[in-house]
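Chemist: Keeping their order, the protein sequence lines are chains E and C. In terms of the numbering used here, the first sequence opens at residue 1 and continues consecutively. In terms of the numbering used here, the second sequence opens at residue 1 and continues consecutively.
Fair warning: there could be bad hints in the mix.
Facing chain C, from chain E, some residues (calculated, C-beta under 8 Å) [as the list claims (entries may be wrong)]:
no.: 1; residue: I21
no.: 2; residue: F29
no.: 3; residue: R226
no.: 4; residue: E232
no.: 5; residue: F235
no.: 6; residue: L247
no.: 7; residue: Q280
no.: 8; residue: G281
no.: 9; residue: E284
no.: 10; residue: F303
no.: 11; residue: A306
no.: 12; residue: A309
no.: 13; residue: L332
Result set (SDA-like, lysine to any residue): computed pairs, CA atoms no more than 25 Å apart in a straight line [unchecked claim]:
no.: 14; chain 1: C; residue 1: K20; chain 2: E; residue 2: Q358
no.: 15; chain 1: C; residue 1: K390; chain 2: E; residue 2: R229
no.: 16; chain 1: C; residue 1: K20; chain 2: E; residue 2: D362
no.: 17; chain 1: E; residue 1: K390; chain 2: C; residue 2: S127
no.: 18; chain 1: E; residue 1: K20; chain 2: C; residue 2: S244
no.: 19; chain 1: C; residue 1: K20; chain 2: E; residue 2: A199
no.: 20; chain 1: E; residue 1: K20; chain 2: C; residue 2: A66
no.: 21; chain 1: C; residue 1: K390; chain 2: E; residue 2: T227
no.: 22; chain 1: E; residue 1: K20; chain 2: C; residue 2: G240
no.: 23; chain 1: E; residue 1: K390; chain 2: C; residue 2: G240
no.: 24; chain 1: C; residue 1: K20; chain 2: E; residue 2: L195
no.: 25; chain 1: E; residue 1: K390; chain 2: E; residue 2: L316
no.: 26; chain 1: C; residue 1: K91; chain 2: C; residue 2: L207
Calculated from the structure, these hints are not laboratory results. Cβ atoms here follow ideal geometry from the backbone N, Cα and C, with glycine treated the same way.
Letter by letter, the chains look like this.
Number of protein chains: 2
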Amino acid sequence: MLFLPPPALLMSFAPAGAAKIPLSMLIVFVSAKLLADLSERLGQPGIVGEILAGILVGPSVLGWLAPDAFLSALSDLGAMLLLFRVGLEVKSSELLKVGGTAMLVACLGVVAPFLLGAAILSAWGASVKEAIFVGASMVATSVGITAQVLSARGLLHELSSKIILAAAVIDDVLGLLVLAVVSSITHGRVDLLQLGATAVAASTFTLIVARWGAPAMGRVVPRLDRTLRVAEARFVVAMGLLFSLALLAVYTGVAAIVGAFLAGLALGESAGPRERYLVQGVSELLVPFFLVGIGLHVDLSAFAHAATAALALVLLAAAIVSKFIGCGLGALHLGRTDAIRVGIGMAPRGEVGMVVAQIGLDFRVLSAASYAVVVFMSVATTLIAPVLMKMAYRQSPAPVLPESEEVLPLG
Amino acid sequence: MLFLPPPALLMSFAPAGAAKIPLSMLIVFVSAKLLADLSERLGQPGIVGEILAGILVGPSVLGWLAPDAFLSALSDLGAMLLLFRVGLEVKSSELLKVGGTAMLVACLGVVAPFLLGAAILSAWGASVKEAIFVGASMVATSVGITAQVLSARGLLHELSSKIILAAAVIDDVLGLLVLAVVSSITHGRVDLLQLGATAVAASTFTLIVARWGAPAMGRVVPRLDRTLRVAEARFVVAMGLLFSLALLAVYTGVAAIVGAFLAGLALGESAGPRERYLVQGVSELLVPFFLVGIGLHVDLSAFAHAATAALALVLLAAAIVSKFIGCGLGALHLGRTDAIRVGIGMAPRGEVGMVVAQIGLDFRVLSAASYAVVVFMSVATTLIAPVLMKMAYRQSPAPVLPESEEVLPLG
């Protein structure tokens, strides 16, 4: 943590570390936006700049910030808000309609990277346990990154976008099960009853909220809006639902962001423009913390060894190709354009791969080098996918960007 | 921290404490809004309910939450956003116009509580050092509480409101100097050079931004808006300025929230409705953390001793009466109605009194009992002032509340 001390002549009676909060906020937010601006000028998506900003201000380069509890909490909140906002823009009925294709995309997109990743590590001479753990870290897509790119370019209503979103949610449940099996194997015992219970709880929760959330909220929200005597009652209800479902998701075993996405889906039809604006404000502030947080975890020093660097590049190529082929095959019956879009859109591993790597490190299954390789693979897929998506969606109509001029008088 | 563990049958591979963030968010946000609703039903300002929610879920009653680094960071952010938003609604030229009266109000409102508080503690048998520290803790007004009440009721443009805001900012600088002198005395040495440097730095920073911030931003913001290639560029600029000035404020010795308020003032004339909405979203989410955070610090167990409880009540009465008389006298030339409003509006001590008490405890100048008494005084003035303000502003026109129906299509 960078601390510019106040000038020595001044007496500071601020509580210890009073500068920490505004300083962290300033560094993360401003560096993210400056690099997003630069990225756009170079013809690349802004999100790439925001992740690079994390690498730049992080321990590897400038050393101004290191991951800490405060930044990681804001990063979690940012990811939740991002998925919540994307959920608000999508209709759950449309996601359920593409459920079959999404299931196929998700399953093939789990099997292919797992097998390829484990095979590469085995060929590299890693132990069986290490190989399957690296394979497991390549399974789950970071839906946040793709969703942010699609949302920023106004592409959430394309068929391929809906398949990507639905498949990424299924993928999260599958990734949870893969991680459960892999962890059990490394501990030497597989409890099928527990595994089944987790699978049932996670999928029941997801399906129930996806299917009945929106109609239930359609009835509940207007009633609460009339009853509650607080300012911005609809926004209050939205935040209450967001954090409730994020919590329930964690308890049933899926990620908090899946709960946040489901909360958005449930409110999509009952949220008015006013609440959407308020939610947008929160997400504009917090999403950069999620993106910069991903970059902050990169440790470039591990790649001083040529062998590690080579493994990292091979694994990165495998991560992209395996999702492209697995997911692309699952969507091939929709035509080549959509299959390519889906195959590319499922590539980013983002924070999900890093979480698995962290668990592997804590279990002492991953070495420091393979941990660094998995983190690199997670971040690099996240940086490359938006660039590829920009190409894959080139034929689509220009995005409808919000105009700063269309405004309404404040009430 | 309350942790509901996931059901034992489920395997949870979420990172350790993954439930913590959504659970804390849920408890704080929902309890604040439920008690705000209840408070409004009982004819009281919602803010009173939000602070009481902190006492309710905190260690004294339910024990669901205790103050921790995450909640305190969100509380700091909430206070900054609150003051920023209030600054946006006020014109700095109008504050500077009432500067003379505000200076008088602030000075008298610092001297009276300090003398009365120190006298009461001396009469109670406390040491001289403890007495002057308690006096110092009664000096500074928590501008956030009053600002929130005035803003929620649409009263920021009343003459008395402008005087309260300007006086509270001056009061913060004076409070800093009082604390500096008092701390020096308890350490046995007073360094006049340092004291002078602090006074000059704090007032120069405040005056320069208040005087030239708005015209400077009036030129800079439209230019940045045209130049920056990021979505919502004006909001990005607003957040950048907010955190920059909050940081500069800490470095020059004043509170981060004073910097946030000055940032709001500077942008008041160049911010459009769209950015105001986005800022409102952030503040709707974060301000409850500031209010609940105040309540969380209350420790009711200290008042099991009748003597401590009696001292707390006496000090509370002194805190209210001394600000009422001191500040009211300073504004008396504006007529009785405005003098009463100013005298009441300056009463809340909120987080400022608690920070001074914490320093006193750390320096071992305050006993545990007098620490608890000062915290009680800080919170109780904060709870009582909004209720009194509701009465004092009864003659004012009904507030213009934002209507959920006036909305604009999202871009």
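Chemist: Decide, hint by hint, whether the structure agrees.
Modeler: Against the structure, the hints:
1. Restraint check, I21(E) versus chain C: the minimum CB separation of about 5 Å is within 8 Å; hint holds.
2. With a least beta-carbon distance of about 6 Å to chain C, the hint placing F29(E) at the interface is held under the 8 Å criterion.
3. Hint status for R226(E) relative to chain C: violated, with the closest Cβ pair at about 11 Å, above 8 Å.
4. Proximity of E232(E) to chain C holds as hinted, the smallest CB-CB distance being about 5 Å (cut-off 8 Å).
5. For F235(E), the interface hint holds, since its Cβ comes within 8 Å of a Cβ in chain C; the closest pair sits about 6 Å apart.
6. Annotation: L247(E) was flagged as interfacial toward chain C, and the flag holds, the nearest CB pair being 4 Å apart, inside 8 Å.
7. The beta carbon of Q280(E) is positioned within 8 Å of a beta carbon in chain C (closest approach about 6 Å), and the interface hint is therefore held.
8. This hint holds: G281(E) has a C-beta 3 Å from the nearest C-beta of chain C, less than the 8 Å allowed.
9. Taken as an interface hint, E284(E) checks out: its beta carbon lies about 5 Å from the nearest beta carbon of chain C, inside 8 Å.
10. Interface restraint check: F303(E) against chain C, minimum CB-CB distance 25 Å, threshold 8 Å, status violated.
11. With a cut of 8 Å, the hint placing A306(E) at the interface with chain C is violated, because the nearest CB-to-CB distance is about 32 Å.
12. A hinted interface residue such as A309(E) counts as satisfied when its beta carbon comes closer than 8 Å to some beta carbon of chain C; here the least separation is about 28 Å, so the hint is violated.
13. A cut of 8 Å between beta carbons decides the hint on L332(E): the least distance to chain C is about 32 Å, and the hint is violated.
14. For the suggested pair K20(C) and Q358(E), the alpha carbons sit about 18 Å apart, so the restraint of at most 25 Å is met.
15. Taking the CA atoms of K390(C) and R229(E), the gap is near 17 Å; set against the 25 Å cutoff, the hint holds.
16. Of the supplied pair hints, the one linking K20(C) and D362(E) holds, its CA atoms being roughly 20 Å apart against a limit of 25 Å.
17. Distance restraint check for K390(E) and S127(C): the Cα-Cα separation of roughly 71 Å exceeds the 25 Å cut-off, and the hinted pair is therefore not satisfied.
18. The straight-line distance between the Cα atoms of K20(E) and S244(C) is roughly 12 Å, inside the 25 Å bound, and the hint therefore holds.
19. A distance of roughly 23 Å separates the Cα atoms of K20(C) and A199(E); the hinted pair therefore holds under the 25 Å criterion.
20. Proximity of K20(E) to A66(C) is assessed by CA-CA distance (about 21 Å); at most 25 Å being required, the pair is judged to hold.
21. Between K390(C) and T227(E), the direct Cα distance comes to roughly 23 Å. Compliance with the 25 Å bound is thereby established for this hinted pair.
22. Annotation: proposed proximity of K20(E) to G240(C) holds, straight-line Cα distance about 15 Å (limit 25 Å).
23. Among the hinted pairs, K390(E) with G240(C) is inconsistent with the structure: their alpha-carbon atoms are about 28 Å apart, more than 25 Å.
24. Between K20(C) and L195(E) the alpha-carbon distance is near 24 Å, which keeps this suggested pair within the 25 Å criterion.
25. For the hint linking K390(E) to L316(E), the alpha-carbon distance of about 19 Å falls within 25 Å, and the restraint holds.
26. Pair hint K91(C) plus L207(C) holds up; C-alpha atoms about 14 Å apart against a cutoff of 25 Å.
Of the numbered hints stated above, those contradicted by the structure are hints 3, 10, 11, 12, 13, 17, 23, listed in ascending order.
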